[in-house]
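Asker: Chain by chain, the residues run as shown.
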Amino acid sequence: KKKMKNLTLVVMLLCYSFASSSGDTTIHTNNWAVLVCTSRFWFNYRHMANTLSLYRTVKRLGIPDERIILMLADDMACNSRNQYPAQVFNNENHQINLYGDNVEVDYRGYEVTVENFLRVLTGRHENAVPRSKRLLSDEGSHILLYMTGHGGDEFLKFQDAEELQSHDLADAVKQMKEKRRFKELLIMVDTCQAATLFNQLQSPGVLAIGSSLKGENSYSHHLDSDIGVSVVDRFTYYTLAFFERLNIYDNASLNRSYDPRQLMSTAYYRTDLYQPHLSEVPVTNFFGSVMETVHTDSAYHAFSNRISNSKIKSDTPFNQLSEQDVKEDLRNTHNQNDELKTEKQKCPYSEMRADLHEKLKKIENVDTMVNLSIAVMILVVMVSSSLL
Amino acid sequence: MTKDDGEMVEEQKKKPCRFWIWALSSVLFRLILISYAGNLNLSSRPEVSTPLTSIRRLAEGYWLKQASMSPYAGSMYHGSPLLLSLLGPLTVQRIKGQPSHLFCSLVFVIADILSAILLRGIGKKLQMAYGLNARLLGLLKSPRDKAGILPCGDIAALVYLWNPFTIVCCVGLSTSPIENLAVILALNGAVTRRVPLAAFGLVMATHLSLYPAILTIPVIFLLGYGLDAPPLKLFLQTRNVESGNRSSTSSASKQAKSKPTAQLPFLWKTVVHFVFWALVWSLCVMVLCRLSLSKHGGLEEMFKRTYGFILSIEDLSPNIGVFWYFFAEVFDFFRNFFLIVFHVNILFMLLPLAIRLKHRPCFLAFIYLAISSLLKSYPSVGDSALYLSLWALFVNELADMKFSFFLFCGYLGVSLLSPVMHNLWIWRGTGNANFYFGNAIGYACFQIVFVVESVSAMLNHDRALKKCNPNHQKVKN
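Residue numbers (the working numbering), protein chains in the order written: chain A, 1 to 388; chain B, 1 to 477.
Simulated from the structure, these hints should not be mistaken for laboratory data.
Restraint-style ranges between C-beta atoms, simulated for each label pair:
id, chain 1, residue 1, chain 2, residue 2, range
1, A, V376, B, N336, 37 to 43 Å
2, A, D101, B, V92, 29 to 35 Å
3, A, L118, B, V92, 54 to 60 Å
4, A, V376, B, Y36, 36 to 42 Å
5, A, I378, B, W20, 23 to 29 Å
6, B, F338, A, Y349, 37 to 43 Å
7, A, V380, B, L28, 30 to 36 Å
8, A, D101, B, L28, 48 to 54 Å
Non-contacting residues of chain B with respect to chain A, defined by C-beta distances greater than 12 Å in every case (computed):
id, residue
9, G138
10, V275
11, H461
Think of the CB as a built atom: it goes at the ideal place given N, C-alpha and C, for glycine as much as any other residue.
In isolation and in its complexed conformation, chain A is listed as follows:
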């Protein structure tokens, strides 16, 4: 009996080790974004503008609203001090209105708390919380977590009332990893001493980018004299400058360097937990939307066209599938082809039917033919009933 117990323990350990290392074998299926602005009050306009700019970028590059959780701690667009009601700008040239027509804010005002933030990350909500407020990611998700506001040494200030500490964040990320809520996680933080927030992170698959090191401040970019406050932070400004040049099909990599002189701080990358090299990682891994599109001629017949389209898949820049999956697809389609061929060889009668099918398909306007036939039928009825 003891031997059996030992054996089962060994087997379980093996399974566990396989399971824990199996994160690499899952496919990247979707992208999520959690964008958090933690400051309130009118003079923190730039934090709101930061978050909304990231929101706009991420939507533009393809992540839909269903997979974005936007948390804004205060309302700048409809703030009584806003000279441009319902408009939020991130540049003094006022070229882009970040607020637009289709901004979906999931957590607003006083709902942006540390508790709600951690609940979003770990997925431990009350029953009544609607789906739009939940991070419904799975083991194939790449999540972008962007946080901006006021921070310090190993903490981030929420609403001027409470703090998110670095070990809170690390615990939440560890829970997410245990519950397989992400495949890869990119944390971007634009606050003062942002790099300290990542000190306690241990989970694999996490890439962290902070706007400043310990002891450094992150600065705002410029002041908009019209609105009266600074409208954007430097780190976010240069990040956006990079992204504005991209579209969904670009293959640019995440490996961009921030100029410390322009930032007036040192951008910090924590890459030890992230396996792939930064230069190999396209930005669309986190900032875009991964959709496996299979082109079909007609609806409801998706699987009949996989043979011709597996080649197309390998050419797109969205080739996030591992080699194994492509090989499996090709093997399946080969099997299908073989089955079809053997079926045809069995029945010569079916060849005749196949010929009939082809002929029928060639008749283009079936409907008019059917209508004509019905009219002919009715004529025959009338004639025959009057004669017979």
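Based on these hints, arrange chain B on the given structure of chain A.
Answerer: Then chain B, alone, in the frame of chain A:
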């Protein structure tokens, strides 16, 4: 006598004029309702449009077909592909300022008029047969003594045109006028002995909705035995009495006595002809359906989605029938069992009625239609419209029907309460499904009483004829 003849001729001329006046005024009434009564929203009422007859589902099926998808995709349309190719293009065409589906409404008005004309034809034949039989039985003295016989053809046609149920179905854009036309076509063909027409009507009626298949029995009886007539025994008795009156020789009376066991002659040739034409038409219909559905699954798909849908009662939205309520709560384990029970309920009534009423095939057809519209999966008021007008064909025989006023009030009350209960349940929320279902049960009860009373009235009529006969002969003696 000549004066009477003249008066009779004038009366006969007046009657067709009166009929056509009433018929055309009903058409006008329908056109007025179509143009101006858009607010009634009749096409969304469950009593009028069922999943099988709704024009919106047809339009949806047509749209799907135009988008090169199967018209049955999405489980909206469950009708015939031929109807789709005929009515589909009409649902799309619109005129500015006119109500939608105007052309479809016009098609249904034409279908109603054609049904009325065909009913009139059936009625004329039945009336002639009634008169002939009455004379043969010695109840009428001369061919012109038609004082008591009502013009059942005109009455039936006018009942069909002016029945509020038919008007509501026509204006509410349900495809039941076309199904009714097919059934009436089959009956007309059988009554006027036009075999290809009868076969065509029956095949089309079965193709459009499954239940008219049971009309094969009365149609074959009509073609084989002939029109409705009192039982053979009465004719033989009359002949016995007459032959007894003419001569009292024992040989003649022996011959007469040997005849009562004679069978009514069955014309096999006509029936075989009918079967042949039925096969021809069904082959044509199958080929056409195959053609239109060649890209979308073919005949199997069609049968699964049309007949399969009818038989398996997939759609449980409320209607004036009684099955939706039951199948909403039946356990899956028993579902198939109860489906079989309910459909066999129609089937097991066919044989006894056929045996009892084989001398009256047209009446048999009416009873079958009444039973099937009571027990079908998705009944609507269009089915009632059909059998009520067929009932009017037999006004001469069913003049003594009991509870006629009670049934009339019952039908009226049920049809007025049905929209009220529906409103209370769905829109106001002050009622629930039981209100509406109670109404449906009441309607079913009234229909059952109606069927039972009409059959008993017909059988009483036959018994009365039997009683009349020897008395009449005795008086003559």
